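Novice: Chains as they are written, first to last, in the working numbering: chain A, 3 to 346; chain B, 3 to 346; chain C, 3 to 346.
The set of hints was computed from the structure by calculation and includes no laboratory data. Keep in mind that a hint or two might mislead.
Given that identical chains are not distinguished, each listed pair holds provided it fits within a single copy or across any two copies.
Unchecked claim - Simulated crosslink set (DSS-like; lysine-lysine; CA at most 30 Å straight-line): (1) K170 x K245; (2) K118 x K6; (3) K329 x K153; (4) K170 x K7; (5) K245 x K233; (6) K152 x K6; (7) K7 x K245; (8) K233 x K118.
It should be emphasised that the depicted structure is a prediction, and the values quoted were computed from it without experimental measurement.
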Amino acid sequence: MSGKKTNAGRFFEDYRLGDVIIHASPRTVKMGERALYHALYPARHALYSSDIFAQDCGLPFSPLDDLVAFHVVFGKTVPDVSLNAVANLGYAEGRWLCPVWPGDTLRAQSTVIGVKENSNGQSGVVYVRTVGLNQHDEAVLEYVRWVMVKKRDFGAAASVAVVPALAKVVEPSALVIPQGLDFSRYNFALAGEPHRMRDYAVGEVIDHVDGVTIEEAEHMLATRLWQNTAKVHFDATQRADGKRLIYGGHVISLARALSFNGLANAQMLAALNAGAHANPCFADDTVRAWSEVLEMAELDAPGVGAIRLRLVATRGAAGDLRGADGKYLPEVLLDLDYWAFIPV
Amino acid sequence: MSGKKTNAGRFFEDYRLGDVIIHASPRTVKMGERALYHALYPARHALYSSDIFAQDCGLPFSPLDDLVAFHVVFGKTVPDVSLNAVANLGYAEGRWLCPVWPGDTLRAQSTVIGVKENSNGQSGVVYVRTVGLNQHDEAVLEYVRWVMVKKRDFGAAASVAVVPALAKVVEPSALVIPQGLDFSRYNFALAGEPHRMRDYAVGEVIDHVDGVTIEEAEHMLATRLWQNTAKVHFDATQRADGKRLIYGGHVISLARALSFNGLANAQMLAALNAGAHANPCFADDTVRAWSEVLEMAELDAPGVGAIRLRLVATRGAAGDLRGADGKYLPEVLLDLDYWAFIPV
Amino acid sequence: MSGKKTNAGRFFEDYRLGDVIIHASPRTVKMGERALYHALYPARHALYSSDIFAQDCGLPFSPLDDLVAFHVVFGKTVPDVSLNAVANLGYAEGRWLCPVWPGDTLRAQSTVIGVKENSNGQSGVVYVRTVGLNQHDEAVLEYVRWVMVKKRDFGAAASVAVVPALAKVVEPSALVIPQGLDFSRYNFALAGEPHRMRDYAVGEVIDHVDGVTIEEAEHMLATRLWQNTAKVHFDATQRADGKRLIYGGHVISLARALSFNGLANAQMLAALNAGAHANPCFADDTVRAWSEVLEMAELDAPGVGAIRLRLVATRGAAGDLRGADGKYLPEVLLDLDYWAFIPV
Chain A
3 MSGKKTNAGR FFEDYRLGDV IIHASPRTVK MGERALYHAL YPARHALYSS
53 DIFAQDCGLP FSPLDDLVAF HVVFGKTVPD VSLNAVANLG YAEGRWLCPV
103 WPGDTLRAQS TVIGVKENSN GQSGVVYVRT VGLNQHDEAV LEYVRWVMVK
153 KRDFGAAASV AVVPALAKVV EPSALVIPQG LDFSRYNFAL AGEPHRMRDY
203 AVGEVIDHVD GVTIEEAEHM LATRLWQNTA KVHFDATQRA DGKRLIYGGH
253 VISLARALSF NGLANAQMLA ALNAGAHANP CFADDTVRAW SEVLEMAELD
303 APGVGAIRLR LVATRGAAGD LRGADGKYLP EVLLDLDYWA FIPV
Chain B
3 MSGKKTNAGR FFEDYRLGDV IIHASPRTVK MGERALYHAL YPARHALYSS
53 DIFAQDCGLP FSPLDDLVAF HVVFGKTVPD VSLNAVANLG YAEGRWLCPV
103 WPGDTLRAQS TVIGVKENSN GQSGVVYVRT VGLNQHDEAV LEYVRWVMVK
153 KRDFGAAASV AVVPALAKVV EPSALVIPQG LDFSRYNFAL AGEPHRMRDY
203 AVGEVIDHVD GVTIEEAEHM LATRLWQNTA KVHFDATQRA DGKRLIYGGH
253 VISLARALSF NGLANAQMLA ALNAGAHANP CFADDTVRAW SEVLEMAELD
303 APGVGAIRLR LVATRGAAGD LRGADGKYLP EVLLDLDYWA FIPV
Chain C
3 MSGKKTNAGR FFEDYRLGDV IIHASPRTVK MGERALYHAL YPARHALYSS
53 DIFAQDCGLP FSPLDDLVAF HVVFGKTVPD VSLNAVANLG YAEGRWLCPV
103 WPGDTLRAQS TVIGVKENSN GQSGVVYVRT VGLNQHDEAV LEYVRWVMVK
153 KRDFGAAASV AVVPALAKVV EPSALVIPQG LDFSRYNFAL AGEPHRMRDY
203 AVGEVIDHVD GVTIEEAEHM LATRLWQNTA KVHFDATQRA DGKRLIYGGH
253 VISLARALSF NGLANAQMLA ALNAGAHANP CFADDTVRAW SEVLEMAELD
303 APGVGAIRLR LVATRGAAGD LRGADGKYLP EVLLDLDYWA FIPV
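Bound-form chain A, shown alone (with noise of 0.2 Å):
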């Protein structure tokens, strides 16, 4: 049998600095992602919910989620960043910059921003600055992110080592107001709860209370929907436990939905700060979150707040982040930092 037609996936020696990758398989996006978005995910925020609530919002009706936009343009990207990838290592950057409305376009193009080989001369680092893009040309995402990708050669001479400076933090002011976006007339009772802005204090930590337990079948519909393509996550004889690992993303997706208890109003996502994938997830894991409050800033739209949230999601209960030793506790599966719009 012929392999010479089907992708193998790159390897660390296929990226050179500077590249610029079109990923394949352009897709409209429409309600019908929205529909398996919440019965895959307890997602529950209003804006994302309610045509309704969306104009009272000022917007002309409901985007598709945010994190729909994300794991879209991630998915593209899988065939030609990740395939043969060892570890998905960070997120940076990362940033929402148009809503995506039912009916749009997405397809996705990555620059090579960064490669830096291992000591070992086994593998290297790639980092890509992937943007989502619709039928208008806008850029809807942006972020970077870093993989640790195989060499198909270990004997080959390892290239110039390049790694990008990346902030730590999206500044505020870099944060994009969808157009319109006016929480003056917000409805806190059909959004669910009272808490705005400034009744949130830096440093405080909400346990979010549910917790869902995860079955093969809804990560893998969810992946799909994607057109997330790596193997481990559909592929029960990849590895040798006969478990399929659980798409990072769809980690972020529940977490995400579960902090709705405690942080209803945190409306949209503006910001992907930073995220560590810390520990696998597998089917029959049950999934619980918490958050912490890390900054605060008020923006120039009506009514409008960015609250930066550190969302952690743990197998079991929440509990510390690190041990002693500093690395994450077995238990914790994702931390992420990013920034939301919240009424002030």
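Could you slot chains B and C onto chain A? The hints should help.
Specialist: The following block gives chains B and C in isolation, referenced to the frame of chain A:
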């Protein structure tokens, strides 16, 4: 960690007669929800499957399944009504008042119409009348539901008991016929069965033959889609036996869809007279259903009659309903009493 | 209990040559069905993913996947054709005649074109030609299918056997090119692979590399979505081993989606020449696929060719098709022969 911003649910003492509760997360429902409904339940009633069939019945196009309306409205009430419920005791005076069209935005509110503390002093029964409203402030659905709720403080003095007088059955004259509904050109071949109202007899019992084995992923997808947040449906650590309790509404939808086989022309739900979730349902249960014709009525719309049915869902083979002691047999899951519109 | 109003399915004696069967439950399909299709199968063909890509190929927007049309039409036939089928024996002369657009309402009818009693006197083979029609009474799909059906009365005299003459392969000149289809400005980067028709060779075999492990919930959601009511797919009590048999069409869709990897440009299905469900498929099976190029043809539309492919789905590794005895090897699930439109 702080729990003060999260919703711990209301306790018995938190309900006062006449209170009006505005439920959170209004929801725009479209064709995505309908596609999922058809994936989750073996729904085949033609009026909810085909725009053309619905138009031939005098409607502008095919509405969302009446149980979508019910589940969306019910789901919204859960955080405020049944998060601490010990048991879902009953339904009465339910009526579908207006079809829900794709694109409609639903919200829900409940009025406390009864409270009665149990003699043990540890819980009480709360009666609420819930109404679902669309974006035009039209009521699309209303029903009374009563639940047993824990007291927060077992030592607190009992309030005055008020038990509302509820109709045992909605009168045929109180059924609201959707505007334009006309069964005079009804296509029985496309609907799937030749039986009109006059072909049924009061007392006739119909075994719906088919069975469906339930998976955890399915009932969780469904229950989440309705934004129902009750922990027992999602979190396997909530019960000592590690089982997730299946949302009673999931069994209603399963049984109603199964009833197509023998009642394909009982097209639209008109009223919910009474309902009991007789025994809990769990994944791996194989659900079957049977119906009994209770009553029939001619209505003031062309070709439209109303048939009152008892719909019983069972785990395993259909059989008797109650034992010698008058209690539901253990294999009975649901005993529902409803009106449907059917060609006369 | 009465069974007289429920559908027990037809037996062999119930089919008479020339009978036309109108199948129930016409169905309006929209973007919700498409979103579910992408969640259920790893579908990435760009023309069914992006309105913009489809427009660049001369279509008004992205149609629903051709296999959505097939499954919807096939599902409608099940209560009338295969409820008592012992085996699904074959397909022939299948052609997609018109794209299905979101919002279309499909219905189906079948004509009995052959009946042949088996020598054992207990069953017979029924041949039907099924056509799917849209709301404009345009045929969107037609195919011949033959099934083995039980006799009701084993002692009844055999009818005269009529076996229709069926083409082994649809001729390229009989393929119906969707109106406007134009691959002259085809974007290979967005489609995901550079290979055009001329890059393939007759006899070339392509291993599609990826594998998907199937869950019970997934195949039941899919099969229900197509309103397919065959008990064996849903009811774990139907077989002694407690297994649910997976709808053969689920395997077709899985294999077709997997074939993206190596055949990303075989965009649209044109004809179904033949097909065999070689062995039953069950949950926990990991499905892989390989294709063999059988034939190619240039067509009378700009840049459009037709490629005839054998698509084989296997449980476990791809390998040989038949054993020394000429029978399918036990790991072979599907052997499909189809035409697809591809850039020349």
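Novice: Decide, hint by hint, whether the structure agrees.
Specialist: Against the structure, the hints:
1. With identical chains, the CA atoms of K170 and K245 are never at most 30 Å apart, being 34 Å at best within one copy and 43 Å at best between copies.
2. Only within a single protomer do K118 and K6 lie at most 30 Å apart by alpha-carbon distance; the minimum there is 28 Å, versus 46 Å between protomers.
3. In this assembly of identical chains, the alpha carbons of K329 and K153 lie at most 30 Å apart only when taken from the same copy (27 Å versus 43 Å across copies).
4. Proximity of K170 to K7 under the C-alpha cut-off of 30 Å is restricted to the inter-copy arrangement: shortest distance 29 Å between copies versus 41 Å within a copy.
5. When the C-alpha separation of K245 and K233 is checked against a cutoff of 30 Å, the pair qualifies both within a copy, at 12 Å, and between copies, at 26 Å.
6. Within a single copy, K152 and K6 get their C-alpha atoms as close as 20 Å, which meets the 30 Å cut-off; across copies the closest is 47 Å, which misses it.
7. In this assembly of identical chains, K7 and K245 lie within 30 Å of each other by CA distance solely inside one copy; the values are 29 Å within and 37 Å between copies.
8. Proximity of K233 and K118 under a CA criterion of 30 Å is satisfied intra-copy only: 25 Å inside one chain copy versus 46 Å between copies.
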